[in-house]
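Visitor: Residue numbers (the working numbering), protein chains in the order written: chain A, 5 to 274; chain G, 780 to 1073; chain S, 428 to 808; chain Z, 578 to 805.
Just so you know, the hints here were simulated from the structure itself, not pulled from any lab data.
Just so you know, even glycine gets a beta-carbon here, dropped at the ideal spot from N, CA and C.
It is possible that some hints are incorrect.
Computed far set for chain S versus chain A, every beta-carbon distance over 12 Å [claimed, not checked]:
#1 Val480
#2 Leu493
#3 Thr545
#4 Ala560
#5 Val572
#6 Pro577
#7 Ser622
#8 Leu652
#9 Leu681
#10 Thr742
Covered by chain G, according to a simulated footprint, are these stretches of chain S (three or more residues, beta-carbon under 8 Å) [unchecked claim]:
#11 602–612
#12 753–762
Restraint-style ranges between C-beta atoms, simulated for each label pair [what the hints assert, rightly or not]:
#13 Z:Tyr594 - S:Val763: 57 to 67 Å
#14 A:Tyr34 - G:Thr1004: 54 to 64 Å
#15 G:Gly996 - S:Phe744: 24 to 34 Å
#16 A:Gly96 - S:Ala477: 40 to 50 Å
#17 S:Ser604 - A:Arg144: 30 to 40 Å
#18 A:Trp143 - S:Leu498: 34 to 44 Å
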Amino acid sequence: MRETPPEATAAGGSGTAPGTLSAPLVLACYDVTKSYGGVVAVDSVSLEVPPRGLFGLCGFNGAGKSTLFNLLAGSVRADSGTVLIDGQDATGWSAMRRARSGVARTWQTVRLAHGRTAVDNVAAACLRDPGQWIVGSLWRPQAAAARERAWAALESLGISDLGARLVDGMTLEAQRLTELARALVSEPKVLLADEPASGLSAAQRTVLADALTAVSQDRAVVVVEHDLDMLTSVSEHIWAMVEGRLAYSGDVETFRSSPVYAGLRGIEQA
Amino acid sequence: MSEFLNLLAAGLTSGAIYGIFGACLAVWFRVCNVLNLAVGDFAMLGAIGTARLVQTDHLPFAAGVLVVLAAVGLIAWIFDRIVLHIAFDRGSGAHGIVGVFFYTFGLSLILEGAARAVFGTDPYSAPAIWPGPALAIADFHVQRAGVLVFALAVVSGLILWAYLRFTVSGRAASACGESVTGSRIVGIDSALFRRRIFIVTAALAALFGIVESPLTGFTYLSGPTISLIGVVAAGFAAFRKPGRAVVAGLAIGVAEAMLGGYVSTTYNDVLLYAVLFGIIILRPEVLGLSAEPA
Amino acid sequence: MSEPAAADRGTIDSSAATGPAAAAASSAGPPAAPGPAARHVRRRDPVPLAATVAITVLGGLVLTALNGSYLGLTVTTGVAYAVVTVGMVLQLGYSRQLAFSQSVFMGVGAYGTGVLETKYGFSSLESLLAVIALAAVASLLMGAVVTRAPGLALALATLLLPLFVYQLAADSGWLGSFSGIDGVLPFWNGPDYESTLVRSGIISVLLLGLAAGLVLRVMRSGVGLQLMAMASDERLGESIGVSLRQRRLEVFVLGSVLAAVGGAVLVSAQGLVTPDVLSETSEITLLLMLFVAGRKSVIGAILGAIVIEYLTTSTSFISTNIGIIEGIALLVILLVEPDGVAGAVARLLGRRTDRWADSLRSWSAGRFRAGGGGDGARNAA
Amino acid sequence: MPSGGAALEVDGVSVSYGKFVAVESVTFSVGAGECVAVIGPNGHGKSSLVTAIAGLVRRGGTVRVFGEALPVGNPRAAVLAGLVLVPERRHLYPELTTRDNIMLGSYSRTRRLRARQAWDDVSGVIDMFPELGRLLDQKAGTLSGGQQQMVALARAMAAAPRILLLDEPCLGLAEAVARRVYDWLREMTATDMTILLVEENPAHAILVADRVVRMYKGLVGRPEVTSP
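Here chain A stands alone, though its shape is the one from the complex:
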């Protein structure tokens, strides 16, 4: 396997977004490793996410993409390596603290609270004071303000007409957009989206890709996706993982001619 030295990955593709080079990295990890019972899921991966833009992460199933997301978002602790958020060492931080520091995420499968409306689902993510003690909620309930922000977030994704409906009966696409609104409502610095288009039709994928592109104007968005056409058409920088390692990091054009791309496409077999 080709191993890319950490320096080489450093903001290599952010040249496409001038002016971001000098800005501090919003999220970065260096040499993070995670293994489950002897199987190395993520093997000393380093990557750096500039403050703005859309970035693609691809690889086979089981290549470690989701595990890497978990390591970045903090729901899984790395065996070794460091994670930086906004230049601060966040390696020991909990998922909760990372979320409050501006790392938002979505999952491969939709995770919404059933039996509740879309706006409530979104509002849960945008309390001004998320650590408020329960007793404090008696005289400062926060819910109304959070719902206002949630309506605005749904509006900006064009689904405010669904806000008052229960999430259970909604289409998969509407559920995915609601999740996106929930991830964005807290105005995160970086959004980690794990297969946001999984299970959607081609037309629906386009809608979602447009939404992600719009969102990436003023924040970093990292997308895991199997559909290489969609990924290469929207992202300005690609990371590819093979068997737990970072096998490629660079811009889209170089990626299309790289052996990793051919491998993912399975061209050598055809």
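Following the hints, position chains G, S and Z against chain A.
Guide: Okay, now just chains G, S and Z, sitting in the frame of chain A:
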């Protein structure tokens, strides 16, 4: 030394009970992810039912046992056909962690209520299968019923373990608990497995109630405590491994007896529960409920 | 990776749910032109306060009308249980924290009141405040350890609690063994037995009203939204910045304190404490009161507690066969309407809203047809 | 198509969930040895149709396998008749080993046997998926998505099917893995296996299918013949 042996024997006897109820719970949980909180009540029905049939209605012992086992099986069948069928085959009703506890909890309440209405509140003991005084070797005494209980627990634990380990049918039973759709597409009738194993474990519990009752006696309220300790024993076997549940039950029983013998006779149960409580809280991983994988 | 029965149902559900309503959203592709301002959201929430006032006034009137009769005592006892079940609505129903420790904390409230009043000469108000503080500290200490355990372990461990705490109390001479402690003071003394019962009952109802208002306020607050999110999925909760440990502990403490208040109300109505309040039966009764009436509804939990308490003590047929009746009621509720009687009522009331949703669905289906589909062939690689 | 040559006949099959009709009176047939793909957008009843054919959900209408009608709501009868489904999202048994997962495919034939005998009976299917050989004692839940799909296919083959129903076999798989699945499928079409494939992506379906059936809003459109 002989005190230790006597305590050990007493501990193994009660531990065998806990273990076998744990095993009944575990094997059924494995099939359908529901805890059978009524398992103790089936034991109670077995013991009290046999006692009534033999002592009041003067049925021969073997006939009494058969009638009672058939009746318990019938109750289990009816409960499955009505309640579990609607809940799990039709897919309506409460699911998730509420379903894990509360359907069989409802059954437990009904069985207790029915037992109270039919049998009253007196304690009963079924006649001994192997009558006679305690077996004695020097200072070491062991109740005959205790020997039976222990042997039966080990044998049935082994049978359940071997069933799951060596037969296609046992693997299929495990598959039902893993994925209902996945088992149906290969032709496994998950509802049938759920029903059969529920009936078998209910009858097994009743049988243990009959064998054990000469030692302690049963009232209509004996069920929940047994079920609860069975749940704990099954818990120490990740709720899925009947063999390990028997071992865990034996360990709990021995610990209870030793605490009673060497520490405090009044507070031995309190201490035992406190120790179990502490283990569950401080080391939840012993339950085998592994944390959610990535 | 593990996707047993629940996930199986999920596939069928989703295939059922997609379809006609396919796309109010897709046709309005983002980023949409900024439409009218965000929906009007009501700033003030009058419901909790209204609930407090309504419960206090209504309960006070009922108790005054019953005028210290035996039924009045039953209702007051039911009110005591209702204070506990209202806490359980937040803890078990809304936050899905499956802890079975309420009867134990009811015991803390009951025995605390008994001991403080009979052995240390506290007044009923002083002992109530002291008991609240005691329960808060005890549940904080216990919760700090207990709430770290994952769901099923928490349920299992707290199942054991009533077993050994009951024995502890029943074996303790200082706590009066099986006969318990006699001579607990009523909340508010009157000139005769009846008026004492009415006056104490009114205080009990006021406490219930406060408990209901408090729980409603929490559930409808921003913290309530967080609890909703973590109840549905803990990892989701974490990812949106909910502190799981803090929230679990808070909910545990709140549930336990309300249970202790319920215990205090119970003994002040009955005048004595027995270990029965600590037994598994007491916990089972509480769970039934919660589940039959509706585990997510405050009003349901209150009515459930009072009605079941009434049935248990009323006519002899029902009270002797209460086990069977409760068991059947529980099963019917679980099968037919998991959210309990309150859920069924809410659904009946919600029919009208459903009709609106239906018309919305057919409208969006119409738009979908007009927009034309069948463009799935575009992503040929 | 003459009914005598049809391996699978779907006659007026409907599926509804409550008020929502997912599949509305669908009729088509698949000849013996033929490979037919059902295509159409998500949520238009494709999955409901195949799960209904396999007997997993309640259906109206008739399904005949080699001329014999299948009883409703009895997946086992379908398996015994040689009709085996590889479901969407695989539905493996994550806590059981790969070996047990594959072995249980033959459950309807081997259910009275010991586990080892049953395995001897089906271990031949491993030859089709050599990479599973070294994973036999690993828990299926720990395999990668592509490996899990291989296990799901092997489990279906262990049932000795005459008709295979495949529901979105490449959902969530990386392209190269999906290509392997399709390579295998193309091999299968060369045998006398009858295949009904549900696929959202027509570009994939065209790779293997002799014929395409289009589903839209629970209805089947005019069958189209494609050149292989």
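Visitor: If a hint holds in the structure, say so; if it does not, say that too.
Guide: Structure-based check of each hint:
no.	hint	verdict
1	Val480	holds, 16 Å
2	Leu493	holds, 32 Å
3	Thr545	holds, 32 Å
4	Ala560	holds, 14 Å
5	Val572	holds, 19 Å
6	Pro577	holds, 15 Å
7	Ser622	holds, 34 Å
8	Leu652	violated, 4 Å
9	Leu681	violated, 6 Å
10	Thr742	holds, 38 Å
11	602–612	violated (count 0)
12	753–762	holds (count 7)
13	Z:Tyr594 - S:Val763: 57 to 67 Å	violated, 19 Å
14	A:Tyr34 - G:Thr1004: 54 to 64 Å	holds, 56 Å
15	G:Gly996 - S:Phe744: 24 to 34 Å	holds, 28 Å
16	A:Gly96 - S:Ala477: 40 to 50 Å	holds, 46 Å
17	S:Ser604 - A:Arg144: 30 to 40 Å	violated, 48 Å
18	A:Trp143 - S:Leu498: 34 to 44 Å	holds, 38 Å
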